[in-house]
Amino acid sequence: KNQVEQSPQSLIILEGKNCTLQCNYTVSPFSNLRWYKQDTGRGPVSLTIMTFSENTKSNGRYTATLDADTKQSSLHITASQLSDSASYICVVSASSGGYNKLIFGAGTRLAVHP
Amino acid sequence: GAGVSQSPSNKVTEKGKDVELRCDPISGHTALYWYRQSLGQGLEFLIYFQGNSAPDKSGLPSDRFSAERTGGSVSTLTIQRTQQEDSAVYLCASSSRRSAIQETQYFGPGTRLLVL
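Chains as they are written, first to last, in the numbering used here: chain A, 38 to 151; chain B, 65 to 180.
It is worth saying that the hints were derived from the structure and are not from the lab.
Some clues are possibly wrong.
[Said to hold, decoys possible] Chain A is nowhere near these chain B residues, computed Cβ spacing over 10 Å in every case:
id, residue
1, Lys75
2, Lys79
3, Leu107
4, Lys121
5, Leu155
6, Thr168
7, Gln169
8, Tyr170
9, Leu180
[Said to hold, decoys possible] Just a few of them, taken from the derived set where beta-carbon distance is under 10 Å, the chain A residues facing chain B:
id, residue
10, Pro45
11, Gln46
12, Leu48
13, Gly78
14, Val82
15, Arg98
16, Ser122
Where is the CB? At the ideal position from N, CA and C, for every residue including glycine.
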């Protein structure tokens with residue numbers, strides 16, 4: 038069964054600190070992996086997208102890694118800001134019948150405190 | 065440069081009533097998706113439209129749920145005889161292509177449905 042699991046469920050950090058969010062998946066056949074940021078009351082917004090051959094991708098203070106062998110990904114946030122408070126969702130895409138089907142994780146809720 | 069819009073933003077209804085949720089995708093996007101996000105849960109795929117092809121309805125939880133997309137643009141998700149477990153945020157997303165490996169879906173703000 039295709040599944041995406043994220044940890045931790047929730048996280049509280051102080052402004053300026055770094056943090057790392059984890060994503061483990063069992064999705065086949067794997068197509069790509071995305072990290073989305075979802076602010077409260079808003080739709081998810083794409084942060085990064087990585088294919089099988091990519092190990093790391095950065096978007097400003099966000100850096101995503103992918104280990105396709107162990108089927109693990111992480112999202113590292115550097116020098117956190119209050120505006121980073123949001124849910125971070127790991128999404129894995131499976132190729133199916135010529136198109137991509139997305140499997141969503143439950144998300145990690147991050148709260149950045151001053 | 066408008067994004068995906070959804071209406072209403074909030075909907076409160078009585079159990080047993082029918083509701084219609086609307087999605088206006090980004091102009092020119094051929095692919096449109098509906099998802100459901102229950103409190104504390106991940107996004108759940110409901111239905112997918114691509115151009116004039118038959119929609120992928122594999123995620124619809126029951127026959128009370130249906131969706132249509134008129135003229136390849138606006139989409140309406142209809143829930144008949146609503147139940148309390150239908151309470152959730154319903155998100156719509158659109159993209160320019162689904163088969164592209166780098167395809168990115170752009171999400172609307174969602175409709176928060178509460179069934180009393």
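message: Min Cβ distance, A:Leu48 to chain B: is it shorter than 10 Å?
response: 15 Å, violated
Verdict on B:Leu180 as a residue remote from chain A, using beta-carbon distances over 10 Å: Non-interface label stands for B:Leu180: nearest chain A Cβ at 21 Å, farther than 10 Å.
message: Verify this label for me: B:Tyr170 is non-interface relative to chain A, using a Cβ-Cβ cutoff of 10 Å.
response: B:Tyr170 is in fact no farther than 10 Å from some Cβ atom of chain A, at 8 Å.
task: Evaluate the condition: distance from the CB of B:Lys79 to the nearest CB of chain A exceeds 10 Å.
output: 25 Å, holds
message: Can you verify the interface hint for A:Gln46: is its Cβ closer than 10 Å to any Cβ in chain B?
response: 9 Å, holds
query: With a cut-off of 10 Å, does the beta carbon of A:Gly78 approach a beta carbon of chain B closely enough for the hint to hold?
result: For A:Gly78, the interface hint holds, since the closest Cβ of chain B sits about 7 Å away, which is under 10 Å.
- prompt: Closest CB-CB distance from B:Leu107 to chain A, is it above 10 Å?
  reply: 4 Å, violated
Check on B:Gln169 being off the interface with chain A, judged by Cβ distance over 10 Å: Non-interface label on B:Gln169 violated, nearest chain A Cβ at 8 Å vs cutoff 10 Å.
field: Check on B:Thr168 being off the interface with chain A, judged by Cβ distance over 10 Å
entry: Given a closest Cβ separation of 5 Å, the condition is violated.
query: Taking the closest Cβ pair, is A:Arg98 under 10 Å from chain B?
result: 20 Å, violated
task: Verify that the Cβ of B:Lys121 lies farther than 10 Å from every Cβ atom of chain A, and report whether the claim holds or is violated.
output: 13 Å, holds
message: Interface hint check: A:Ser122, Cβ to nearest Cβ on chain B, cutoff 10 Å. Holds or violated?
response: Not OK, violated: A:Ser122 not within 10 Å of chain B, min 17 Å.
Comparing the model with each earlier hint shows violations of hints 3, 5, 6, 7, 8, 10, 12, 15, 16; every other hint is respected.
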